[in-house]
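Chains F and E are the protein sequences, given in the same order.
So that you can map any letter, position 37 of the first sequence is 48 in this note's numbering, and since no number is skipped, the others follow by simple counting.
So that you can map any letter, position 18 of the second sequence is 26 in this note's numbering, and since no number is skipped, the others follow by simple counting.
No wet-lab data here; the hints were simulated from the structure.
Take the hints with a grain of salt, since some may be wrong.
As the list claims (entries may be wrong) - Dumping the calculated PhoX-like pairs for lysine-lysine here, alpha-carbon to alpha-carbon at most 25 angstroms: (1) F:K64 x F:K52; (2) F:K20 x F:K51; (3) F:K51 x E:K89; (4) F:K64 x F:K29; (5) F:K20 x E:K117; (6) F:K30 x F:K64; (7) E:K89 x F:K52; (8) F:K52 x E:K113; (9) E:K117 x F:K51; (10) F:K33 x F:K51.
Claimed, not checked - Chain E regions said to be covered by chain F (calculated; three or more residues, Cβ under 8 angstroms): (11) 53-67; (12) 105-111.
For each residue, glycine too, the CB sits at the ideal point set by N, CA and C.
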Amino acid sequence: DTEVTQTPKHLVMGMTNKKSLKCEQHMGHRAMYWYKQKAKKPPELMFVYSYEKLSINESVPSRFSPECPNSSLLNLHLHALQPEDSALYLCASSPTGGGNTGELFFGEGSRLTVL
Amino acid sequence: GQSLEQPSEVTAVEGAIVQINCTYQTSGFYGLSWYQQHDGGAPTFLSYNALDGLEETGRFSSFLSRSDSYGYLLLQELQMKDSASYFCAVALYNFNKFYFGSGTKLNVKP
Numbered sequence: 012d013t014e015v016t017q018t019p020k021h022l023v024m025g026m027t028n029k030k031s032l033k034c035e036q037h038m039g040h041r042a043m044y045w046y047k048q049k050a051k052k053p054p055e056l057m058f059v060y061s062y063e064k065l066s067i068n069e070s071v072p073s074r075f076s077p078e079c080p081n082s083s084l085l086n087l088h089l090h091a092l093q094p095e096d097s098a099l100y101l102c103a104s105s106p107t108g109g110g111n112t113g114e115l116f117f118g119e120g121s122r123l124t125v126l
Numbered sequence: 009g010q011s012l013e014q015p016s017e018v019t020a021v022e023g024a025i026v027q028i029n030c031t032y033q034t035s036g037f038y039g040l041s042w043y044q045q046h047d048g049g050a051p052t053f054l055s056y057n058a059l060d061g062l063e064e065t066g067r068f069s070s071f072l073s074r075s076d077s078y079g080y081l082l083l084q085e086l087q088m089k090d091s092a093s094y095f096c097a098v099a100l101y102n103f104n105k106f107y108f109g110s111g112t113k114l115n116v117k118p
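Chain F on its own, in the form it takes in the complex (with noise of 0.2 angstroms):
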């Protein structure tokens, strides 16, 4: 299984909702992390979780909670969001060190519309 699975692939929540993105691997990779992506812009980094413990977080605001509850999972809980927080958010995994291969396995998104 090389699938890196996100639900909800669609999501619309008003600014007051409180809503959590999933993603799931089954690879046995070590690290995952959260992109960020705007129609036209690079994915941007937002977090990164290494052996289950956040490792990486790029000054992202605090109504994107982060959550890791074992090795195949990751969350993204969102509270309070913006208009501007609308975006593609990406979930990717890698194997960690010396197994890494430089790539990341994606999956396919989660689109994300606060209204």
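With the hints as your guide, set chain E onto chain F.
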């Protein structure tokens, strides 16, 4: 911080060869990857260079020069399906971080 520069758009005809350049300024550089992304889709991995030189994978080749902080992706025998955005990405600090370049939109015309 880091910066990765790519041309914003390239146009070529079917069957031609096109080169997409990437120059970078980073610290903790480990290697350079290339990704393809079709409109509405997720990035898919094409190639990775850890060492200087050329890596060939079918119609795609990628080159890295660490001393020049420069790499390129070479696409041969272009097909219409190659129309997409192409991103270079640097792997940093023992692969803890991957940062993407600004992206190049490739338009392949008949």
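Consistency of the hints with the structure:
Restraint check: the Cα-Cα separation between K64 (chain F) and K52 (chain F) comes to about 28 angstroms, which exceeds 25 angstroms; the hinted pair is violated. The straight-line distance between the Cα atoms of K20 (chain F) and K51 (chain F) is roughly 19 angstroms, inside the 25 angstroms bound, and the hint therefore holds. Distance hint between K51 (chain F) and K89 (chain E) is fulfilled; the C-alpha atoms sit about 18 angstroms from each other, no more than 25 angstroms. Proposed proximity of K64 (chain F) and K29 (chain F) is supported: the alpha carbons are some 23 angstroms apart, at most 25 angstroms.
Our distance criterion of 25 angstroms between C-alpha atoms is broken by K20 (chain F) and K117 (chain E), whose separation comes to about 31 angstroms. The suggested pairing of K30 (chain F) with K64 (chain F) holds, with an alpha-carbon distance near 22 angstroms, which does not exceed 25 angstroms. Of the pairs offered as hints, the one joining K89 (chain E) and K52 (chain F) holds, with about 21 angstroms between alpha carbons and a cut-off of 25 angstroms not exceeded. Between the alpha carbons of K52 (chain F) and K113 (chain E) the distance comes to roughly 11 angstroms, so the proposed pair stays at or under 25 angstroms and holds.
Using a Cα cut-off of 25 angstroms, the hinted pair K117 (chain E) and K51 (chain F) holds, with the two alpha carbons roughly 20 angstroms apart. Simply put, K33 (chain F) and K51 (chain F) have alpha-carbon atoms about 24 angstroms apart, close enough for the 25 angstroms limit, and the pair holds. Taking a C-beta to C-beta cut-off of 8 angstroms, the region 53-67 of chain E contributes 4 residues in contact with chain F, enough for the three needed, and the coverage statement holds. Counting residues of the region 105-111 of chain E whose CB lies closer than 8 angstroms to any CB of chain F gives 7, so the stated coverage by that chain holds, three being the minimum.
Taken one by one, the earlier hints fail for this structure at numbers 1, 5, listed in ascending order.
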